[in-house]
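Peer 1: Sequence:
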Amino acid sequence: MGSASASSLPASAGAGENLVLILDFGSQYTHLITRRVRQLGVLSLCVSGTAPLASLAGLRPRAVVLSGGPHSVHASGAPTFPEGFLEFAAGAGAHVLGVCYGMQLLVQSLGGAVEAGEKQEYGKMEVEVTARSSALYGEGEVGKRQTVWMSHGDEVVRLPEGFEVVARSVQGAVAAVENREKRFYGLQYHPEVTHSPQGMETLRRFLFDVCGIKADWKMQDVLDEEIRTIQSMVRPDEHVICALSGGVDSTVAATLVHKAIGDRLHCVFVDNGLLRYNERERVMLTFESDLHLPVTCVDASEQFLSKLKGVKDPEMKRKIIGREFIAVFDDFAHKLEQKIGKRPGYLVQGTLYPDVIESCPPPGSGRTHSHTIKSHHNVGGLPKDMKLKLIEPLKLLFKDEVRKLGSILNVPESFLKRHPFPGPGLAVRVLGDVTEGNALEVLRQVDEIFVQAIKDAGLYDIIWQAFAVFLPVQTVGVQGDQRTHSNAVALRAITSEDGMTADWYYFEREFLVDVVNKICNNVRGVNRVVQDITQKPPATVEWE
Numbered sequence: 001m002g003s004a005s006a007s008s009l010p011a012s013a014g015a016g017e018n019l020v021l022i023l024d025f026g027s028q029y030t031h032l033i034t035r036r037v038r039q040l041g042v043l044s045l046c047v048s049g050t051a052p053l054a055s056l057a058g059l060r061p062r063a064v065v066l067s068g069g070p071h072s073v074h075a076s077g078a079p080t081f082p083e084g085f086l087e088f089a090a091g092a093g094a095h096v097l098g099v100c101y102g103m104q105l106l107v108q109s110l111g112g113a114v115e116a117g118e119k120q121e122y123g124k125m126e127v128e129v130t131a132r133s134s135a136l137y138g139e140g141e142v143g144k145r146q147t148v149w150m151s152h153g154d155e156v157v158r159l160p161e162g163f164e165v166v167a168r169s170v171q172g173a174v175a176a177v178e179n180r181e182k183r184f185y186g187l188q189y190h191p192e193v194t195h196s197p198q199g200m201e202t203l204r205r206f207l208f209d210v211c212g213i214k215a216d217w218k219m220q221d222v223l224d225e226e227i228r229t230i231q232s233m234v235r236p237d238e239h240v241i242c243a244l245s246g247g248v249d250s251t252v253a254a255t256l257v258h259k260a261i262g263d264r265l266h267c268v269f270v271d272n273g274l275l276r277y278n279e280r281e282r283v284m285l286t287f288e289s290d291l292h293l294p295v296t297c298v299d300a301s302e303q304f305l306s307k308l309k310g311v312k313d314p315e316m317k318r319k320i321i322g323r324e325f326i327a328v329f330d331d332f333a334h335k336l337e338q339k340i341g342k343r344p345g346y347l348v349q350g351t352l353y354p355d356v357i358e359s360c361p362p363p364g365s366g367r368t369h370s371h372t373i374k375s376h377h378n379v380g381g382l383p384k385d386m387k388l389k390l391i392e393p394l395k396l397l398f399k400d401e402v403r404k405l406g407s408i409l410n411v412p413e414s415f416l417k418r419h420p421f422p423g424p425g426l427a428v429r430v431l432g433d434v435t436e437g438n439a440l441e442v443l444r445q446v447d448e449i450f451v452q453a454i455k456d457a458g459l460y461d462i463i464w465q466a467f468a469v470f471l472p473v474q475t476v477g478v479q480g481d482q483r484t485h486s487n488a489v490a491l492r493a494i495t496s497e498d499g500m501t502a503d504w505y506y507f508e509r510e511f512l513v514d515v516v517n518k519i520c521n522n523v524r525g526v527n528r529v530v531q532d533i534t535q536k537p538p539a540t541v542e543w544e
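Note that the UniProt record's numbering numbers the sequence shown so that position 130 is 130, with each residue one more than the last.
Check before you lean on any hint, since a few could be wrong.
Said to hold, decoys possible - With a Cα cut of at most 27 angstroms, we get these calculated DSSO-like pairs of lysine-lysine:
{"no.": "1", "residue 1": "Lys312", "residue 2": "Lys342"}
{"no.": "2", "residue 1": "Lys389", "residue 2": "Lys399"}
{"no.": "3", "residue 1": "Lys404", "residue 2": "Lys536"}
{"no.": "4", "residue 1": "Lys319", "residue 2": "Lys389"}
{"no.": "5", "residue 1": "Lys417", "residue 2": "Lys536"}
{"no.": "6", "residue 1": "Lys455", "residue 2": "Lys518"}
{"no.": "7", "residue 1": "Lys417", "residue 2": "Lys259"}
{"no.": "8", "residue 1": "Lys259", "residue 2": "Lys399"}
{"no.": "9", "residue 1": "Lys182", "residue 2": "Lys218"}
{"no.": "10", "residue 1": "Lys387", "residue 2": "Lys342"}
{"no.": "11", "residue 1": "Lys455", "residue 2": "Lys312"}
{"no.": "12", "residue 1": "Lys218", "residue 2": "Lys404"}
{"no.": "13", "residue 1": "Lys417", "residue 2": "Lys518"}
{"no.": "14", "residue 1": "Lys536", "residue 2": "Lys399"}
These are computed hints drawn from the structure, not numbers from a lab. The structure presented is a predicted model; accordingly, all values stated were derived computationally and were not measured.
Produce the complete structure using the sequences and hints provided.
Peer 2: In structure tokens form, the structure reads like this:
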């Protein structure tokens, strides 16, 4: 995965005494390290491993974790930390932990040697503690083994001065190293993944016993800090627009900003023609009756759909939708200016940390910084000439953290438990041209049947996300003794902690039979239903 640029970090992010900085070198697991540290009650921030040292100025981390990555330290153009980084860490009094590629990079940079291993180690392996006394494993653990997740072809063959090996793999490769005097540590395996069952204990020991960090990061602190940030950013005479979608992210963002600046927040709900079944009526009712937020509904469906006509490329669809959203907000701002006598200067978006991470390219890719999966509508899809400045109060938070924040803000439970819905709406669930035929209407009906069945079965809260996809193919079928040539649709339901990795949900056969029957009997134009059983990775959550 990629990482947020250091410049996107709030000025106060490093003000606390217990910051952990994750330097991202392109590992698909980097975000997991960030989350695991937060789960232990410590603020962690992920930045590009190749970011200029100046961009870290003002941050005084207690610990720095160098992530894994898909590169070899010997490869031409392999990413490395900026010149002066080791001095920066020493000056901050930070402990440095290299993980996988990060360990090899640390060892090589300090004068050790890394070579291609005789035996590559991928997947579950056993490692054995070899030191009688170790900072990472404690006292009296020598000879004990644990299962870990390996993913490397190179291995450390010579240690820098002052280092010792404290664990080896059963194949004899160096698995963990330490230089306690210089505060350098390394793990050749990934402690952050569930395939390393004792990995969390190792991270806990590193953070609390080795680094002396306190678990003092709480959602209430995040709320207080964000409110202060917004109040200092938005002057007392300035106004703000917030785009509400009816989802968790925009709802929590709106509630937070409203708490910060009160009635100078003006909410707008845009019907872009790409909403779910009866979504407009449902969310407007909830905004007014539950949240008591003043919301203006703008019907821009014709504007969006006319621009999307004939467009099949998913990236282009996202860019068009991003542009049209901004155009709608711009128009709304002009009308609001006439009404209140002052033009709003800011736009609130519910961008989350995974959105930021997925919209950044990886170190060593030849671009500025894991591979860009897709341009997120809140990040990569924004035009450069946008006239409204952005407020993104949730951009350093994962989805489960946003729900905790919403709970503190007394956002209704029904909102907090809503499944995520993509900003581009059904445009990324109708593959190809969204305006072709009655694709949108068919998809709405199929999606409603599927999601309602999940709710009726009591499964909604244990599934992270469930939805239907309209496929750009027609298949042969038999309905009512007649040969048909109709549409195929796909159903996708996943479980996840944060949307960064996901597994498909296993439905009972009877449930699927019932749903398929309801779809084929009630939705005209559908004669085939398939289920998507792909994990993330390799697939993303959405099909486009």
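Peer 1: So, for every hint listed, does it hold in this structure?
Peer 2: Now the hints, each set against the structure:
With a C-alpha separation of about 40 angstroms, the suggested pair lysine 312 and lysine 342 falls outside the 27 angstroms cut-off, and the hint is violated. For a cut-off of 27 angstroms, the pair hint linking lysine 389 to lysine 399 stands: about 24 angstroms separates their Cα positions. Taken as a hint, the lysine 404 and lysine 536 pair is honoured in the structure, with Cα atoms around 24 angstroms apart against an allowance of 27 angstroms. Using a Cα cut-off of 27 angstroms, the hinted pair lysine 319 and lysine 389 holds, with the two alpha carbons roughly 18 angstroms apart.
For the given pair, lysine 417 sits about 21 angstroms from lysine 536 by alpha-carbon distance, which is consistent with the 27 angstroms threshold. Using a Cα cut-off of 27 angstroms, the hinted pair lysine 455 and lysine 518 holds, with the two alpha carbons roughly 15 angstroms apart. Of the pairs offered as hints, the one joining lysine 417 and lysine 259 holds, with about 21 angstroms between alpha carbons and a cut-off of 27 angstroms not exceeded. Only pairs whose Cα atoms come within 27 angstroms are accepted, and lysine 259 paired with lysine 399 is accepted, the gap being roughly 20 angstroms.
For a cut-off of 27 angstroms, the pair hint linking lysine 182 to lysine 218 is broken: about 31 angstroms separates their Cα positions. This hinted pair checks out: lysine 387 and lysine 342 have alpha carbons roughly 14 angstroms apart, not beyond 27 angstroms. A distance of roughly 32 angstroms separates the Cα atoms of lysine 455 and lysine 312; the hinted pair therefore is violated under the 27 angstroms criterion. Straight-line distance between C-alpha atoms of lysine 218 and lysine 404 comes to about 10 angstroms, which keeps the hinted pair within the 27 angstroms bound.
For the hint linking lysine 417 to lysine 518, the alpha-carbon distance of about 25 angstroms falls within 27 angstroms, and the restraint holds. About 16 angstroms separates the Cα atoms of lysine 536 and lysine 399, which keeps this hinted pair within 27 angstroms; it holds.
Checked against the numbered hints listed earlier, the structure breaks hints 1, 9 and 11; every other hint is satisfied.
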